[in-house]
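The lines below spell out each chain.
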Amino acid sequence: MSVTFEEPTLRAQVHPVRNYLTEDGSLASWLLTTDHKRIALLYLGSITLFFFLGGAAAALMRLQLITPGGYIVAPETYNRLFTMHGIIMVWFFLVPSVPVTMGNFVVPLMLGARDLAFPRLNLFSWYLFVAGGLVTLYALFVGGLDTGWTFYTPLSTNYVQGALVAAAVGIFISGFSSIATGLNFIVTIHRLRPPGMTFYRMPLFLWSIYATSVIYVLGTPVLAITLVLLTFEHVFHVGVFDPSLGGDPLLFQHLFWFYSHPAVYIMILPGMGVISEIVSTFSQKGIFGYKFIAWSSISIAVIGFFVWGHHMFVAGTSIYSSIVFSLLSYLVAVPSAIKVFNWIGTLHKGFIRFDAPMLYALGFIGLFTVGGLTGLFTAALAVDVHVTQTYFVVAHFHYIMVGGMVSAYFAGLHYWWPKITGRMYPEMYARVAAVLIFLGFNITFFPQFILGYLGMPRRYATYAPEFQVLNVLSSAGASILAIAYAMPLFYLGWSLVYGRRALANPWGATGLEWQAASPPIKENFVVTPVITGPPYDYPRPELVGRHV
Amino acid sequence: MSEVAGPRSLQYETPAHQADAAMVGMWLFLATELLFFGGLFLTFLVCRHQHPLGFALAGRNTELVIGAVNTVLLVTSSASYGAGLLLIERGSRRGLVLALAVTAALGASFLILKGFEWRDDFRRHLFPGAGFGLSGEDAGGAQLFFAFYFIATGLHGVHMLVGLGLLGWLALRARGGAFDRGWTTPVAVVGLYWSFVDMVWLILFPLIYLLGRAG
Numbered sequence: 001m002s003v004t005f006e007e008p009t010l011r012a013q014v015h016p017v018r019n020y021l022t023e024d025g026s027l028a029s030w031l032l033t034t035d036h037k038r039i040a041l042l043y044l045g046s047i048t049l050f051f052f053l054g055g056a057a058a059a060l061m062r063l064q065l066i067t068p069g070g071y072i073v074a075p076e077t078y079n080r081l082f083t084m085h086g087i088i089m090v091w092f093f094l095v096p097s098v099p100v101t102m103g104n105f106v107v108p109l110m111l112g113a114r115d116l117a118f119p120r121l122n123l124f125s126w127y128l129f130v131a132g133g134l135v136t137l138y139a140l141f142v143g144g145l146d147t148g149w150t151f152y153t154p155l156s157t158n159y160v161q162g163a164l165v166a167a168a169v170g171i172f173i174s175g176f177s178s179i180a181t182g183l184n185f186i187v188t189i190h191r192l193r194p195p196g197m198t199f200y201r202m203p204l205f206l207w208s209i210y211a212t213s214v215i216y217v218l219g220t221p222v223l224a225i226t227l228v229l230l231t232f233e234h235v236f237h238v239g240v241f242d243p244s245l246g247g248d249p250l251l252f253q254h255l256f257w258f259y260s261h262p263a264v265y266i267m268i269l270p271g272m273g274v275i276s277e278i279v280s281t282f283s284q285k286g287i288f289g290y291k292f293i294a295w296s297s298i299s300i301a302v303i304g305f306f307v308w309g310h311h312m313f314v315a316g317t318s319i320y321s322s323i324v325f326s327l328l329s330y331l332v333a334v335p336s337a338i339k340v341f342n343w344i345g346t347l348h349k350g351f352i353r354f355d356a357p358m359l360y361a362l363g364f365i366g367l368f369t370v371g372g373l374t375g376l377f378t379a380a381l382a383v384d385v386h387v388t389q390t391y392f393v394v395a396h397f398h399y400i401m402v403g404g405m406v407s408a409y410f411a412g413l414h415y416w417w418p419k420i421t422g423r424m425y426p427e428m429y430a431r432v433a434a435v436l437i438f439l440g441f442n443i444t445f446f447p448q449f450i451l452g453y454l455g456m457p458r459r460y461a462t463y464a465p466e467f468q469v470l471n472v473l474s475s476a477g478a479s480i481l482a483i484a485y486a487m488p489l490f491y492l493g494w495s496l497v498y499g500r501r502a503l504a505n506p507w508g509a510t511g512l513e514w515q516a517a518s519p520p521i522k523e524n525f526v527v528t529p530v531i532t533g534p535p536y537d538y539p540r541p542e543l544v545g546r547h548v
Numbered sequence: 001m002s003e004v005a006g007p008r009s010l011q012y013e014t015p016a017h018q019a020d021a022a023m024v025g026m027w028l029f030l031a032t033e034l035l036f037f038g039g040l041f042l043t044f045l046v047c048r049h050q051h052p053l054g055f056a057l058a059g060r061n062t063e064l065v066i067g068a069v070n071t072v073l074l075v076t077s078s079a080s081y082g083a084g085l086l087l088i089e090r091g092s093r094r095g096l097v098l099a100l101a102v103t104a105a106l107g108a109s110f111l112i113l114k115g116f117e118w119r120d121d122f123r124r125h126l127f128p129g130a131g132f133g134l135s136g137e138d139a140g141g142a143q144l145f146f147a148f149y150f151i152a153t154g155l156h157g158v159h160m161l162v163g164l165g166l167l168g169w170l171a172l173r174a175r176g177g178a179f180d181r182g183w184t185t186p187v188a189v190v191g192l193y194w195s196f197v198d199m200v201w202l203i204l205f206p207l208i209y210l211l212g213r214a215g
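The listed protein sequences correspond, in order, to chains A and B. Its first residue numbered 1, the first sequence is counted upward by one per residue in the numbering used here. Its first residue numbered 1, the second sequence is counted upward by one per residue in the numbering used here.
In isolation and in its complexed conformation, chain A is listed as follows:
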């Protein structure tokens, strides 16, 4: 990106005397901060905690499934474990993940802005998130609940054992933190772009954050009202959703998936934005098909609102609505495929570097493609009848959510780590972790495709003995994955103290965030930059010549 700075200003930005971390070290200055960079770090700490809590539940489940009889926990406990895993990972890790951490940190930087549009609202959103998280944790630790994260009625209203109300209240509260974050990003992207930055000059990360925010803002309130109705029904036994009281259980599924399917795209679109940045940077080449990638984010957000019915193919909806939802689900694959092809087009003839962020990003592309293609299987009506409610579905969405989004999350974390902390992470450890995550992930989840295809149902604490070999393989992979996920915690923590000092632009990337110091000063930029050219303005490979 072409940026013009006055020479003295430039020097001041590269070597700041103070930065946002050293500005004021008191606890109050952190807890009452309105600085988007500090709020990003508050969020980073919170969601890391939730990630390992949700991961611990998954680890117990994989331990249980090593033997067909499952001797570790009772079936009732197992039900609570997968519910806890789902609720924590969906609402307290994946939905916030990239937007609240890297989004909060780099959106204003990418815009050359000094903060988000509503800094106090941003801080408030973190408090809402923490409050919602605490209430949910309370629900999970006073006994949890056994409905699965989807709260299907009438199971959740009449037969649930455990703290349904507290869980629903916690998710309800944290939903408003999503709404506040999305609202903040949309207004910021509309109102705080610097002079000369048109929409088509924005980095693709901003397009994906914008698309995500639209879903945050329009989807989350529907979940909120659904949870209100659910809680009311559970407490007062009035049947909005309960057939024995005159209600309609399918109505709950419609309302729930009207949020929760778009939420799937909340959980992947920001990751796609991260990958677009990284693929371009580590190919040292302009992004291929910029406008296609940009508009595919918007297309995914829009089409994503019209595919919810594919969660209900076997729930008794009419065959005609199923056909329409099946076709629309195929349609949403098109923009996703456009992105994958354009990333590969970007790699073509690029000067590719295999730094850790790039390894994570390449892992993302492969795993996301597998997850996306198996999504087409489940979108096909006839095949879905066979594989729905089996481990095939479990494997499918974990390839998207974990193989895709968690990889992208780590990719972005490593990519922007020098900017966030001012320190370089240890490259070799990071590469080992990236490769281990890729291997561990595949060993964990690929067997589950086969298990599902063979007919092993999901959400059971025990299984038929002929499935044991593949289950042991899956659990073995999970142990690799557990170690690989813990690794960044240690070496990134180590780098905070011992890491090499980072330059302002260690990757030779374009993008305004790399024009600010590492770590940035509190105000990000001394003067507002003026944008005079397109993003990803790398020299064309044929002009650079041969590989060095």
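Rather than coming from a laboratory, the hints here were simulated on the basis of the structure. Hints may contain errors.
As the list claims (entries may be wrong) - Cβ pair distances, simulated, as ranges:
no., chain 1, residue 1, chain 2, residue 2, range
1, B, L86, A, F199, 34 to 40 Å
2, B, T14, A, V314, 56 to 62 Å
3, A, I319, B, V72, 48 to 54 Å
4, A, L250, B, G176, 52 to 58 Å
5, A, S29, B, V24, 26 to 32 Å
6, A, T48, B, A68, 51 to 57 Å
7, B, A68, A, L49, 50 to 56 Å
8, B, E137, A, Y159, 23 to 29 Å
9, A, A131, B, A68, 25 to 31 Å
10, A, A333, B, V162, 38 to 44 Å
11, A, G366, B, G182, 20 to 26 Å
12, A, Y200, B, R173, 40 to 46 Å
13, A, V435, B, V162, 50 to 56 Å
Claimed, not checked - A few chain A residues facing chain B, derived, Cβ under 10 Å:
no., residue
14, I186
15, V187
16, L255
17, N524
For glycine and all other residues, C-beta sits at the position ideal for the given N, C-alpha and C.
We have chain A; now place chain B onto it with these hints.
For chain B alone, coordinates are given in the frame of chain A:
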């Protein structure tokens, strides 16, 4: 809005720039509110479609007079709020405070009447559950109706309470001289919210009080 003379945070170029962003933010928030209440209206209509007779029976047992008076009160309150905004844009702080007081009085009257209505509903055992006051084969649908009735009017009431709080905050700041001809944005932003809550009621009123009585 080129002559805005309000405060400016560090990320904005001018006070007008910031004022503009505040308006955009409130409009977007109202979009989320629309989806929130939209889910409720949708569920209401689906259930009404499945239980037409029960919903009609229940609708005939609502208190039309209180509902109608409340509608008048709310619409009037939006008008007085609009007058307040016009007055401060012409520089009249006293006018704004007065208009806010009238608006708050109308809003509070709405809530008081609503309280009386709820008290009567409880007396007639219209809260759904065991011992429900209406009987007959349509009573099940009627219970569903009253579940919606209490959820919808309850959520609307909570929005009214928040609105009253905002009115009080604005009135205190206006009395302290916070607003003048060049700085009216908070008044305009809260006005958007107040009118939205008003409009939610304009949908709730026919759904609750009128549909069951027609035909």
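A quick look at each hint next to the structure:
no.	hint	verdict
1	B:L86 to A:F199: 34 to 40 Å	holds, 36 Å
2	B:T14 to A:V314: 56 to 62 Å	holds, 57 Å
3	A:I319 to B:V72: 48 to 54 Å	holds, 49 Å
4	A:L250 to B:G176: 52 to 58 Å	holds, 54 Å
5	A:S29 to B:V24: 26 to 32 Å	holds, 30 Å
6	A:T48 to B:A68: 51 to 57 Å	holds, 55 Å
7	B:A68 to A:L49: 50 to 56 Å	holds, 53 Å
8	B:E137 to A:Y159: 23 to 29 Å	holds, 27 Å
9	A:A131 to B:A68: 25 to 31 Å	violated, 40 Å
10	A:A333 to B:V162: 38 to 44 Å	holds, 42 Å
11	A:G366 to B:G182: 20 to 26 Å	violated, 58 Å
12	A:Y200 to B:R173: 40 to 46 Å	holds, 42 Å
13	A:V435 to B:V162: 50 to 56 Å	holds, 52 Å
14	I186	holds, 6 Å
15	V187	holds, 5 Å
16	L255	holds, 6 Å
17	N524	holds, 9 Å
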